[in-house]
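Since the structure of chain L is provided, determine the placement of chains G, P and U on it from the hints.
Residue numbers (my numbering), protein chains in the order written: chain L, 1 to 168; chain G, 1 to 168; chain P, 1 to 168; chain U, 1 to 168.
Any given hint could turn out to be false.
As the list makes no split between identical chains, a pair holds if one copy fits it or if it spans any two.
Calculated pairs, DSS-like style, for lysine-lysine (alpha carbon to alpha carbon, straight line, at most 27 Å) [what the hints assert, rightly or not]:
hint	residue 1	residue 2
1	Lys52	Lys113
2	Lys99	Lys33
3	Lys99	Lys113
4	Lys63	Lys113
5	Lys52	Lys63
6	Lys33	Lys113
7	Lys151	Lys52
Simulated from the structure, these hints should not be mistaken for lab results.
There are 4 protein chains.
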Amino acid sequence: MISISIITVGGTIDKIYFDAKSEYEVGPPNAEKVLSELNLSIHYTVTSLLRKDSLDMTDEDRKLLYTTVAGDPATKILVTHGTDTMVETARYLAAIRDKTIVLTGALEPALFKTSDATFNIGCAIGALQVLQNGSYIVMNGRVFPADNVRKNLDVNRFEPLTPKSEAG
Amino acid sequence: MISISIITVGGTIDKIYFDAKSEYEVGPPNAEKVLSELNLSIHYTVTSLLRKDSLDMTDEDRKLLYTTVAGDPATKILVTHGTDTMVETARYLAAIRDKTIVLTGALEPALFKTSDATFNIGCAIGALQVLQNGSYIVMNGRVFPADNVRKNLDVNRFEPLTPKSEAG
Amino acid sequence: MISISIITVGGTIDKIYFDAKSEYEVGPPNAEKVLSELNLSIHYTVTSLLRKDSLDMTDEDRKLLYTTVAGDPATKILVTHGTDTMVETARYLAAIRDKTIVLTGALEPALFKTSDATFNIGCAIGALQVLQNGSYIVMNGRVFPADNVRKNLDVNRFEPLTPKSEAG
Amino acid sequence: MISISIITVGGTIDKIYFDAKSEYEVGPPNAEKVLSELNLSIHYTVTSLLRKDSLDMTDEDRKLLYTTVAGDPATKILVTHGTDTMVETARYLAAIRDKTIVLTGALEPALFKTSDATFNIGCAIGALQVLQNGSYIVMNGRVFPADNVRKNLDVNRFEPLTPKSEAG
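Bound-form chain L, shown alone (with noise of 0.2 Å):
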């Protein structure tokens, strides 16, 4: 049976929404949620590590997040993080050589109607599957190398730094 080891980190993807207070937080890992609902022939599990905002990930953070994925059984690899500094965390983990690691979130939260959650989480499970070893983001229905990659704020899309030069 295929074995799939989900991390998740928080990000928009997992933004609820509290009346009470009028503002969003960080909350449980939809992931989980998104694939209950499904009827999966593959195994995974799901270990929520933090919940934080991608801007506010710190150096600890992603040397946590190193250390969990580096010590974790499974060599495929799914971590669910926010979008603003999603790069800067694929390209760390990119130092782990052994396992195969994407990188996945959402650019609306996963609660919404119109979220690309299901659809990235599905991309991403996907590619996670056939891709060789490496340190990966699967954002926009596209599978990105962590180095040849970056988020263009100016149309909320991930992109190839690097166009010409891409396969395909």
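Relative to the frame of chain L, chains G, P and U by itself:
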């Protein structure tokens, strides 16, 4: 830019409901609707080739699909298809050696709140970008080679034929 | 506490889809599911009396519904019903003079993302609390007395029989 | 034709999320979006008067709303409003004697999958057609006169002030 050709032939994923007749019919391709609502970093085209229940797919229909896929200028092909004969079609298309072909669909119509369609399309697009040439099925969160997959009707889920030999 | 008795007899609102059979059937009452997800300030009970397409409702079925409504201890009754013969049933129930009876349903199954079911149930519950005794249909955002309503099949919408005489 | 004037002043029902800023803001009126997707048999207009959290509603804002409602040619007025000061506004508008005024809103933004917005708008429109002149709140499936309702913050639900004296 990564470019994907999506060819749709019908199935549960595209089922719609007509109140006037109190029955379902196969409607326009929902893969197109799902993808148009996202902000993708890949290029894709959608061709609605057939609108059939997969149990109604004939040898002529499979020949038409084969010819269409083989003649498509794209090398990465996503086919949305009914689930009951998806395995048969995937094996038929496996004779095309110079393309990556992924078949997916849904166990519940895409128009349903709880449909697996969006997740499955995401999963298929993620895998399609990374897979070597060949014919595959992506269903229930898993990537299956065409020659090692069956639909388990008892649990309404796709599974490998030979669980012992599978990787991971 | 305001108390409402909800009696369900089937119809499009409760249609579900079985992939195994590739067809729709009438399932358990969706009114109960819709209301259970809200945090209501009213008391209600749900009785699943029949699971029928409204075109299959017989004279015996209407007699059973009449007896059930007439014998219900609640004075405010909500009936969810198929749309094709909803008008006929509403007129039949109008002989019950000491209760407020509202019939509603949906033009698209409640399980669909774009279904009118949740809105219609809300509209029916809002009207039911305020209406005088009598039999009414609440569909398409409007409250109709049982003797001044028809389903216009051409536009798939309920309308008054005599638009000139309507209030408002 | 029954005609309803919908006046929107903001609140949770219209909250949207901006990923760029990782925060919520009050957006365009969701009542309009909800109703436009239905096939209604009533006529309605939507006026976006303010886009405020209800805690930010000032005396001037309430005067503006009062003048707008009082001067509206329609006699049936639906106001969508934030929940925290909805009761205060409903009482303020109760001085308008020649119209039926219903205030509603949502405890979760309308864009959320599990929002109460569609149900509440339905419930409000159903009640609005039947109520005598006066000012009312319709929330949590219940119709409250403006002088007998409070928001119970502990259970995040509207309730009558005097449960003993209520009808039904």
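Status of the hints after comparison with the structure:
1. Lys52 - Lys113: both (22 Å within a copy, 23 Å between copies)
2. Lys99 - Lys33: Classified as within; 25 Å inside a copy, 35 Å across copies.
3. Lys99 - Lys113: neither (34 Å within a copy, 35 Å between copies)
4. Lys63 - Lys113: neither (34 Å within a copy, 35 Å between copies)
5. Lys52 - Lys63: within (15 Å within a copy, 42 Å between copies)
6. Lys33 - Lys113: For Lys33 and Lys113, both the intra-copy (15 Å) and inter-copy (13 Å) Cα distances are at most 27 Å.
7. Lys151 - Lys52: within (19 Å within a copy, 32 Å between copies)
Of the numbered hints stated above, those contradicted by the structure are hints 3 and 4, listed in ascending order.
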